[in-house]
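Protein chains: 2
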Amino acid sequence: MIPKLRIVPLGGLGEIGKNMTAIEFGEQIILIDAGIMFPENDMLGIDTIIPDYSYLDDKFDKVLAVLITHGHEDHVGALPHLMQDIDAPIYATPLTLGLIEGKLRGANLLHTVDLRTIEAGDIFNVGSFKIEPFHVAHSIPDCVGFGITTPVGLIVHTGDYKFDHTPADGWPPDFAKLAEFSNRGVLALLADSTNSDKPGWTPSENTIAEGFDEVFRNAQGRIIIATFASLISRIQQVADTAVRHGRKMAIIGRSMRTNTKIARELGYLNIPDDIVVDIDIATKMPPSKVVIMATGAQGEPSAVMGRIANGRHRNLSVQEGDTIVFSAHAIPGNEEMVYRTINRLYQRGATVLYDKIANVHVSGHASREEMKLMINLIRPKFLIPVHGEIRHLKLHGKLGVELGIPEENIAIVENGTPLELAPNQLTICPRMPGGYIFVDGSGVGDIGWPVVRDRDKLAQAGYFFVVVTASPKGKVIGKIEIRTRGFVDNNSTEELLMDAEDVIIRTLENAGGKDEGIERRVEQAVSRFLYDETRRRPIVQVVIK
Amino acid sequence: MIPKLRIVPLGGLGEIGKNMTAIEFGEQIILIDAGIMFPENDMLGIDTIIPDYSYLDDKFDKVLAVLITHGHEDHVGALPHLMQDIDAPIYATPLTLGLIEGKLRGANLLHTVDLRTIEAGDIFNVGSFKIEPFHVAHSIPDCVGFGITTPVGLIVHTGDYKFDHTPADGWPPDFAKLAEFSNRGVLALLADSTNSDKPGWTPSENTIAEGFDEVFRNAQGRIIIATFASLISRIQQVADTAVRHGRKMAIIGRSMRTNTKIARELGYLNIPDDIVVDIDIATKMPPSKVVIMATGAQGEPSAVMGRIANGRHRNLSVQEGDTIVFSAHAIPGNEEMVYRTINRLYQRGATVLYDKIANVHVSGHASREEMKLMINLIRPKFLIPVHGEIRHLKLHGKLGVELGIPEENIAIVENGTPLELAPNQLTICPRMPGGYIFVDGSGVGDIGWPVVRDRDKLAQAGYFFVVVTASPKGKVIGKIEIRTRGFVDNNSTEELLMDAEDVIIRTLENAGGKDEGIERRVEQAVSRFLYDETRRRPIVQVVIK
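Protein sequence lines correspond, in order, to chains A and X.
Residue numbers for the first sequence follow this note's numbering, beginning at 45 and rising by one.
Residue numbers for the second sequence follow this note's numbering, beginning at 45 and rising by one.
No lab work stands behind these hints, which were simulated from the structure alone.
You may find that some hints are simply not true.
If chains are identical, the list can't say which one is meant, so a pair holds when it fits in one copy or spans any two.
[To be verified] Capping the alpha-carbon separation at 30 Å, the derived lysine-lysine pairs in DSSO-like fashion look like this:
#1 558 - 517
#2 425 - 174
#3 333 - 106
#4 333 - 442
#5 48 - 442
#6 328 - 305
#7 517 - 589
#8 292 - 242
#9 523 - 147
#10 174 - 305
#11 558 - 523
#12 328 - 103
#13 305 - 106
#14 523 - 589
#15 106 - 425
#16 589 - 558
#17 501 - 333
#18 292 - 589
#19 519 - 48
#20 147 - 103
#21 328 - 147
#22 400 - 242
#23 48 - 147
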């Protein structure tokens, strides 16, 4: 009996099948991508999130390959962590591999990991799998999807894609290869659902050239363009526009500088040497002769645009006449930060352009009509929407039904839900426990929701800490020490603190002695008192000596 | 010499001139609106925000009237607080006054405040001001703007408006009155800038009827529609659609029930008695025969939709076949919560429709073409964009320039910036300090940014609390007590805590005694140690007995 093919999207809530997917046949596993997620607003203090791959814990030795679709953080950011557990080669295209090398070097893993360069159009075998990377267009060059011929059938994974006929790097997606897969017969299509709520066709990267031309024509002073550090295509377009309009270009922001350097060295960014200048030179040039590219398009306070907006950047401050362009779309959850940054830049005298009011950004993902084309090009037996929240997957699934795929052949699942494929059957297995691995400071996975929930309580109302010495009979000796932060303003609380001391003294006296549960009981009495007085619930802790 | 007219938008950052505006002439002040703001994501633990009106502190007795444009929270929510300080009548239209009464009753102020009913089209005098409320269309009935004839000239304040020819209540805006103002000559126009980044014309409330008809035609099971509690127009439309499609209607959510009751009593909501049912009846009826309206369209976890999404609502849980409609737009900063709620409802088996994928919401504010019409109808000498963030005001100002208003006649200012108007002159005065008054629990204005910043620190990495008894020479006596929350997982920290104890003992020994700054020095040593070990920065507090 042939074992079934298992497809397991790994991770927590958030986008499904985005960051890491396991494809498993018997004793052989290949992984597609190993990216990080960014914390939501209520995951307090968390830096980044690694998908929970504990599904692999007892199977690390069965992993034969890690296939990477492209070099964005949400597809490669978890590699430094994953590759400490897994001894298998990473397969990626040259630019993607260049970006991965930097990450592995930072984690001291560069010399222990086997990196293998692939090109779109290659065909190679890994165990029982035949792998065929194919070129797709996205907002970073050198992206691929994968055709994976398994003993059960051919699987096609699109990666992040859009059907851009005129991408910034001039390399349109490989329609012929998709048609060829289709002719061979595709068992399952795993396809990007990001924009399944966007009607029509995503505009080409090329359309931004016009928007940029208009910005450059109208700007009297300096132009500062913020975008994602990894949006290599956008950097190319700014460079092209700078050449057309006779401006020099400077780049600030460490990650963007690093990525640009790698992409230029590998030939994926074509920027003439003579237009590149250092930021210190750029700020001394006539304003109409420079364009500056910067990180921080999501309004992150610590990135370049955030620091400029707060007047805290070392090399660059806003001056009257500056035109600042946010060439990015605010990721849900970041809108407030983005708009606050924009408001602050306006306050400092800049003119600010962003995607809502100027043609300065397009999505890197397919819209509904492209998603239809992908389904009809591939004509899969089974459709597995991935890359999106549940709502996106549902809409993608519905679209599949509209195109004639039977509803029972479409699998909409959450991360952690294994799918079993036989040549004529798709089974959805029960979801496994697990979800996120939080990265906080130097800790990876050492804290979970209980700590985050405590942080949320502290964020709501701070803490109230009591240290009291008491006699065995419960009589308070000496001074009661109270420390509080994040609860009330320290200048206006003398009466509240005195009343709290009374509550502590009374509770201890009534208890008549220092038994096991006394600290807890005093905490409860103090909590109740503070809530009655303020309608706030700080975390109360009492130490009785 | 005639004193100058002063216009002072009050409040902090955020939307300018939205929540409260003072109009001052010599010893006479009138206020327009008294609303609250909602906290941004980084204003941790804050419930609501009242605009800082300390500008009025020494002038409370000069306030002659509080004019209210309409009954939304961001225009009336601060009245219970303001009316404790001010002894002047509130002027509002019947529905607005009905909603205000409920608020004042809750604050025990109903019998001490002088409430005066006005109607659009009225003309009345307050001190040297002649006030003319005029009807505008918005997403709640009975909205007005104000024409205010002052000794310096005629001021027109639009309030929140859209030029809706077919509003839900059938009462279009009073174009004739605007033209009449224009003929008299308008000194300054204060106009809504909310949608100054939206091209074209905001669709009529009426267009939603079609969208709702489609939802009702397609839904096999129950329909649940979430919107703002104060979006009275939307409630009317759902009721109308329910009548057309033969469904009964139930309402859940305290604030929406209260608002509906008031609006029905006053004749602003026309819902036949026989279609209204209680929620307990609704849940027992055939699913295809009911529509349920609910609060929580912003994804607030404590409102009805949030509780349904989490499976924690007393009366209502999602069942297969439910169609849930979010008839609202996510306010910037709320997107993440809204989408999470939608995802959870999908998980529970509902079909969810929202503004991006169905025609179920329109904005209550004018878009750019309407803003142009307003300016050209009024033909003001001076344009003062209000109701929007700085970016919106700037775009509104630019639009005024396009229409021929000289740039120097347009004032774009932040809240707290007085504008002085003479018949031929507009002066922008220096901005006053101040901004927000935070409401947290029962406290109003008792905490400010320092407490919120402490909460942010606690949210990032929690606290680490140490209680130690030491001899006068600095020798530790007995057990060191450590309490920590929100910092590390308590099950995995034994070694860290033991090492921290060593740091405490060493620091105390090295100090050689319990001098004044010893607690601070131990705190610094512990902080440094914890950061080195974990790259996290909890708030460290040390009490030495």
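To see whether the hints hold, each was checked on the structure:
no.	hint	result
1	558 - 517	both (7 Å within a copy, 29 Å between copies)
2	425 - 174	within (19 Å within a copy, 74 Å between copies)
3	333 - 106	neither (56 Å within a copy, 55 Å between copies)
4	333 - 442	between (51 Å within a copy, 25 Å between copies)
5	48 - 442	within (27 Å within a copy, 63 Å between copies)
6	328 - 305	within (23 Å within a copy, 66 Å between copies)
7	517 - 589	both (13 Å within a copy, 20 Å between copies)
8	292 - 242	neither (36 Å within a copy, 33 Å between copies)
9	523 - 147	neither (54 Å within a copy, 44 Å between copies)
10	174 - 305	neither (34 Å within a copy, 67 Å between copies)
11	558 - 523	both (17 Å within a copy, 17 Å between copies)
12	328 - 103	neither (58 Å within a copy, 50 Å between copies)
13	305 - 106	neither (36 Å within a copy, 65 Å between copies)
14	523 - 589	both (12 Å within a copy, 10 Å between copies)
15	106 - 425	within (28 Å within a copy, 77 Å between copies)
16	589 - 558	both (9 Å within a copy, 19 Å between copies)
17	501 - 333	neither (51 Å within a copy, 43 Å between copies)
18	292 - 589	neither (68 Å within a copy, 64 Å between copies)
19	519 - 48	neither (71 Å within a copy, 67 Å between copies)
20	147 - 103	within (25 Å within a copy, 62 Å between copies)
21	328 - 147	neither (34 Å within a copy, 58 Å between copies)
22	400 - 242	both (15 Å within a copy, 8 Å between copies)
23	48 - 147	neither (35 Å within a copy, 64 Å between copies)
Checked against the numbered hints above, the structure violates hints 3, 8, 9, 10, 12, 13, 17, 18, 19, 21, 23; every other hint is satisfied.
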